[in-house]
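Participant: Now for the letters of each chain:
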Amino acid sequence: MSRTYVGTSPVRNEDRRLLTGQALFVDDVQLPGMLHAAFVRSDHAHALIRGIDASAALAREGVVAVITAEDLGDYWQPGPLLVPPPPIDGIVFNQASQVPLAKDRVRHVGEPVVMVIAESRYLAEDALTDVFVDYEPLDPVVDLEAALAEDAPVIHPQLGTNLAAHVVQRHGDYEAAKTDAHLVINRRFHYDRGAAAAMENRCVAARWDPRAEELTIWDTTQAPIPIRNGLARMLGLLESRVRVVAPFVGGGFGPKIMMFYPEEVLVPWAALRLGRPVKWTEDRQENFFATTQERSQIHDAEIAFSADGKILGIRDFFFHDTGAYDPYGLTIPINSQCTLLGPYDVPAYHSEFRAVFTNRTTVTPVRGAGRQHGVFVMERLLDIAARELGLDPSEIRRRNYLRKDEFPHTFQILFQDFAPLYYDSGNYAPALEAALDIVGRDTFRAEQARARAEGRFIGLGVVSYVEGTGIGPYEGARVTIEPSGQVRVATGLGTQGQGHYTAFAQIVAEVLDVDVDRVHVVTGDTREFGWGTGTFASRGAVVAGSACHEAAVAVRKKVIETGARVLGVPADEVELEDGAVRVRGDHARSMGLGQLAGHANPLRGAVVPGTEPGLEATAYFGPDHGSTASGVHAMVVEVDAETAMVKILRYIVVHDCGKLINPVIVAGQVQGGVAHGIGNAFYEQLVYDEGGQLQNASFMDYLLPTALDVPSVEMAHRETTAPLNPLGLKGVGEAGCIPTGAAFAQAVEDALPHLALEIREIPLSPNRLFELLRDAGPADRAPAAELGGPTAAAAAD
Amino acid sequence: MIVDGEHTFPGPRQTVWDLLQDPEVLAKAMPGARKLTLTGDGTYAGVIRIGVGPVTAAEWTLNVALRDRVPPESYTMQVDSKGALGFTRGNATVNLDEVEGGTRMRYHADLSVGGKVAGVGQRLLDQVAKMLTKQGLDALNKELESRLRDGGGPGDQAR
Amino acid sequence: MAQPVEISLSVNGVRQGGAVEPRLLLSDFLRHELGLTGTHVGCEHGVCGACTVLMDGEAVRSCLVFAVQADGAEVVTVEGLDSGGELHPLQEAFRDAHGLQCGFCTPGILMSMIPFLRDNPRPDEPQIREALSGNLCRCTGYQNIVESVRLAAERMGGGPSPGGA
Ligand code: FES
Ligand code: FES
Numbered sequence: 001m002s003r004t005y006v007g008t009s010p011v012r013n014e015d016r017r018l019l020t021g022q023a024l025f026v027d028d029v030q031l032p033g034m035l036h037a038a039f040v041r042s043d044h045a046h047a048l049i050r051g052i053d054a055s056a057a058l059a060r061e062g063v064v065a066v067i068t069a070e071d072l073g074d075y076w077q078p079g080p081l082l083v084p085p086p087p088i089d090g091i092v093f094n095q096a097s098q099v100p101l102a103k104d105r106v107r108h109v110g111e112p113v114v115m116v117i118a119e120s121r122y123l124a125e126d127a128l129t130d131v132f133v134d135y136e137p138l139d140p141v142v143d144l145e146a147a148l149a150e151d152a153p154v155i156h157p158q159l160g161t162n163l164a165a166h167v168v169q170r171h172g173d174y175e176a177a178k179t180d181a182h183l184v185i186n187r188r189f190h191y192d193r194g195a196a197a198a199m200e201n202r203c204v205a206a207r208w209d210p211r212a213e214e215l216t217i218w219d220t221t222q223a224p225i226p227i228r229n230g231l232a233r234m235l236g237l238l239e240s241r242v243r244v245v246a247p248f249v250g251g252g253f254g255p256k257i258m259m260f261y262p263e264e265v266l267v268p269w270a271a272l273r274l275g276r277p278v279k280w281t282e283d284r285q286e287n288f289f290a291t292t293q294e295r296s297q298i299h300d301a302e303i304a305f306s307a308d309g310k311i312l313g314i315r316d317f318f319f320h321d322t323g324a325y326d327p328y329g330l331t332i333p334i335n336s337q338c339t340l341l342g343p344y345d346v347p348a349y350h351s352e353f354r355a356v357f358t359n360r361t362t363v364t365p366v367r368g369a370g371r372q373h374g375v376f377v378m379e380r381l382l383d384i385a386a387r388e389l390g391l392d393p394s395e396i397r398r399r400n401y402l403r404k405d406e407f408p409h410t411f412q413i414l415f416q417d418f419a420p421l422y423y424d425s426g427n428y429a430p431a432l433e434a435a436l437d438i439v440g441r442d443t444f445r446a447e448q449a450r451a452r453a454e455g456r457f458i459g460l461g462v463v464s465y466v467e468g469t470g471i472g473p474y475e476g477a478r479v480t481i482e483p484s485g486q487v488r489v490a491t492g493l494g495t496q497g498q499g500h501y502t503a504f505a506q507i508v509a510e511v512l513d514v515d516v517d518r519v520h521v522v523t524g525d526t527r528e529f530g531w532g533t534g535t536f537a538s539r540g541a542v543v544a545g546s547a548c549h550e551a552a553v554a555v556r557k558k559v560i561e562t563g564a565r566v567l568g569v570p571a572d573e574v575e576l577e578d579g580a581v582r583v584r585g586d587h588a589r590s591m592g593l594g595q596l597a598g599h600a601n602p603l604r605g606a607v608v609p610g611t612e613p614g615l616e617a618t619a620y621f622g623p624d625h626g627s628t629a630s631g632v633h634a635m636v637v638e639v640d641a642e643t644a645m646v647k648i649l650r651y652i653v654v655h656d657c658g659k660l661i662n663p664v665i666v667a668g669q670v671q672g673g674v675a676h677g678i679g680n681a682f683y684e685q686l687v688y689d690e691g692g693q694l695q696n697a698s699f700m701d702y703l704l705p706t707a708l709d710v711p712s713v714e715m716a717h718r719e720t721t722a723p724l725n726p727l728g729l730k731g732v733g734e735a736g737c738i739p740t741g742a743a744f745a746q747a748v749e750d751a752l753p754h755l756a757l758e759i760r761e762i763p764l765s766p767n768r769l770f771e772l773l774r775d776a777g778p779a780d781r782a783p784a785a786e787l788g789g790p791t792a793a794a795a796a797d
Numbered sequence: 001m002i003v004d005g006e007h008t009f010p011g012p013r014q015t016v017w018d019l020l021q022d023p024e025v026l027a028k029a030m031p032g033a034r035k036l037t038l039t040g041d042g043t044y045a046g047v048i049r050i051g052v053g054p055v056t057a058a059e060w061t062l063n064v065a066l067r068d069r070v071p072p073e074s075y076t077m078q079v080d081s082k083g084a085l086g087f088t089r090g091n092a093t094v095n096l097d098e099v100e101g102g103t104r105m106r107y108h109a110d111l112s113v114g115g116k117v118a119g120v121g122q123r124l125l126d127q128v129a130k131m132l133t134k135q136g137l138d139a140l141n142k143e144l145e146s147r148l149r150d151g152g153g154p155g156d157q158a159r
Numbered sequence: 001m002a003q004p005v006e007i008s009l010s011v012n013g014v015r016q017g018g019a020v021e022p023r024l025l026l027s028d029f030l031r032h033e034l035g036l037t038g039t040h041v042g043c044e045h046g047v048c049g050a051c052t053v054l055m056d057g058e059a060v061r062s063c064l065v066f067a068v069q070a071d072g073a074e075v076v077t078v079e080g081l082d083s084g085g086e087l088h089p090l091q092e093a094f095r096d097a098h099g100l101q102c103g104f105c106t107p108g109i110l111m112s113m114i115p116f117l118r119d120n121p122r123p124d125e126p127q128i129r130e131a132l133s134g135n136l137c138r139c140t141g142y143q144n145i146v147e148s149v150r151l152a153a154e155r156m157g158g159g160p161s162p163g164g165a
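Chains as they are written, first to last, in my numbering: chain R, 1 to 797; chain W, 1 to 159; chain A, 1 to 165.
Isolated chain R (complex conformation) (with noise of 0.2 Å):
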């Protein structure tokens, strides 16, 4: 029998090295001489920097390099453009991008601005307190709208202003659909920052190898290519004499892309300058200020329903908060203004934001990508909408989803990968009523009703998602068949826990109907694949999945034209099954794929004109499309209308992921996402004062979600196949934590449906809740509406 893997879930083959212990990451690299590098960074959101004096460092003991910019000569650039905007009519881009050290002015806490290195971490610690940087303290820019005022201090004197984008994005015309409006509605919201906060801190280690004539550079990247071409580029060598290892990393949520953080810039030229090689660890504390973060936008939204509360249109403004830099160009809100329009059909849309120059740290992607803001808004104004209606919550979403007759769907409006936003393929209502199936949609207000006559006040929230996941432009694999019969997948990812080792052995496996153990998957190392772009945008499963099933593929075809020529039948005669070639009908003679690969590869003779050795082939995959995830989350809460506490009772997950390759890892996916939503929603803030210091910089003062705060989450998964790759995949990484806070917010207001209680903002800490709820009137509006039904449409799917 064939092997069947795709869509079944082995145990993960990378977990053996993880569970003892044996798993390399970045910090466990330890080499003979190694040097530590520790950074002198701003204590000052914004300054001018008059004088360093670092002669007290250099006397020290131990310390072997003091750097500051003037020392870095040519090699102080400011960053690349990671992603540049796309080609938006009328768009206004201003680029500044990090540098890697300050050198004249600061723009963040926690920017580095010396780099000191030593002969241990301890040592170079000791002396960053030897470095005496003089600074000018300006005003610092915080306040989003404040910084666009005329008389703002500037951060970028070279743009003359704070303003970093100013972008226009419409389809149909919002204006001349209001005017036939039933209800118009308009709010302001707020969405405020949050880390990342990978377990794992950021690492570089850098060791230059004169012999070998290679830089060797380990790092928790994402993205080990771009990062490869990019300080081979900086540092002048060639490509292949520089070599990126994103080994184990402790997850990456999105800061570990190729940022070329000024660390991972530093690292490896103290590595060539000094001939020994460097290490830097970040810890926790230079983490929350130095590693990017997301998420504050302030939006000013408004839609327009007919009065059966069918979307006429929507005009949303925004400020999008891009910090001290933006090397990622307009990633974050653009995905926001696309994905506002969630699953619905949204005849009119005018999105209109400027992404503002802050003195706050840099941000670039976490998890979600600015898709929350977009699901927030327009959830929120649905809800808000719903309650003017007279309509539940589920029944304004019903009645306005794209029907599954409309895919593929285009909207008028450019997505991140500059291709107009597409949706390949979807089917919306039916998550819907799984989900309301889940929740007891013929008993939960009754059990809402029955709990608040004892006290307790139970609501719950239903919101809806789409996600553009799996996007371009490409991902390479290779795959050989050794001699031992085993096999080997190289590509060009990084990986941080989703499972890659063992998911592209899944889709190998059962192209090469070999064991899953048997196929031994090398993520993250340019020399093992040196084509790529990284992980993120839930793309590594979809797109690097893809290319090993088309290089798996490959294989397969020479498996047959070499079996063929070696028992000498014709290649139609040929089967391949559990790990062997033989002969349809003649199952006595076959050979096994390991000696194969050995007549693939003759010591002797000719190999064949026109052929290749081996059983090996690379391939490579670039969809036209990403393809569209989507999912509706339900949440049920408590809430204790004293104290403002938050219980979340329960947790339902209805998903639409397209084909998976690993049910168990797909799930544990999206709990994690989860977890994470939730803590962006009711936990984690990252507070500013308005001079630009963060107040909250350890795990003490930030906290994350515990296992006593998230709930388990019950999953339903739907398969709607994606057509624009070979095994209809979409992906899944940032699912999770893209409506939790809508549904969070939602469930809040039902449980609590006596008071005028309108939430606007997220994250909404316990503090926050108390505050809105001691200030909530009581509420004028109709008890909640039953969950209702299916309709007709839904019904019959």
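Please note that the accuracy of each hint is not assured.
To be verified - Here's a subset of chain W near chain R, in silico, CB distances under 10 Å, partners left out:
(1) A84
(2) A109
(3) V113
(4) G119
(5) R123
To be verified - Stretch by stretch, here's where chain W covers chain R in the computed footprint (C-beta under 8 Å, at least three residues):
(6) 310 to 321
(7) 685 to 697
What the hints contain is simulated information worked out from the structure, not anything from laboratory work.
Just so we're clear, the structure is a prediction, and the values are computed from it rather than from any experiment.
From the three backbone atoms N, C-alpha and C, an ideal C-beta is built for every residue, glycine too.
Given the coordinates of chain R, assemble chains W and A with the ligands onto it according to the supplied hints.
Facilitator: The following block gives chains W and A with the ligands in isolation, referenced to the frame of chain R:
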């Protein structure tokens, strides 16, 4: 960060005023002060050593300038302090009133705190500021009492 | 700088020692002096639990302990859990129930759960969650970690926990 409050010294206003202008006395009253020297008319420079919660004790350079002096009633104090773990800057106003039983000092400081100490010590800053203030006032009280006992001479038994 | 101090301790059953600076953290001693890099460091302020090891049978955060304080102690790290390549039932349960993603938090969680399961052979879910609440994990949402611990308890002979998962 706002630090404000009041304190009544058991002595005449002029004596209290003199006390508050004396670098040697201030050096004693300032918790963790390593040294404090007069660098000009009403300006002082020094080094203090303070830790805040999880932030290990470290040395901070300190520059203080006394301005708008209206003896013996009021002055403002500009504070500028920095160290490896961050900085503190701001202004404080001090008013002295004669009251029943002595001199009442009212103080109000508006300080900005930056860097690591702000990021990881935030929860504790208010507590620490209160504690340091109390220690300082207690030390001043003691000094005042000894001066009154010794007949109001300058603070000459420093350390 | 303070004088190095001579220490001697057992780590995973092997006698180790040497002169260490008094300020050297146990986590750094294990990772950098002994090369036992399975013990991870996520915060260095005692919150995340990634650095948890056993000291005389009890879970401690090695980032809060100085190496000199471990003088004379028996320390066990994640490298000491399996026997001759055979996974410990707890490790096996984590693999079978997908209790890890990036695996960075995992060694600390395993080392926290060893004494927990010793003292609570038949834990229920609230007890497991309580016991896990001192370890942070950003990847998994804890659900499969809870399940892994439950499965391990069952396999290690505690029998099914009261009330099931
Ligand atoms: S590293 Fe020790 S508790 Fe986080
Ligand atoms: S598995 Fe990544 S932090 Fe727990």
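Participant: Next step is simple, just say for each hint if it's right about the structure.
Facilitator: Against the structure, the hints:
Using the Cβ-Cβ criterion of 10 Å, the hint placing A84 (chain W) at the interface with chain R is satisfied: the shortest such distance is roughly 4 Å. Checking A109 (chain W) against chain R: minimum C-beta separation of about 15 Å lies over 10 Å; hint violated. Interface hint at V113 (chain W): satisfied, since its Cβ lies 7 Å from the closest Cβ of chain R, which is below the 10 Å cut-off. Of the supplied interface hints, the one on G119 (chain W) holds, with its beta-carbon coming within about 3 Å of a beta-carbon of chain R, less than 10 Å.
About 6 Å separates the beta-carbon of R123 (chain W) from the nearest beta-carbon of chain R, less than 10 Å, and the hint is met. Look at the segment 310 to 321 of chain R against chain W: 0 of its residues bring a Cβ nearer than 8 Å to a Cβ of that chain, fewer than three, so the hint is violated. Using a Cβ-Cβ cut-off of 8 Å, 7 residues of the segment 685 to 697 of chain R lie near chain W, which meets the minimum of three, so the contact claim holds.
Checked against the numbered hints above, the structure breaks hints 2 and 6 and satisfies the rest.
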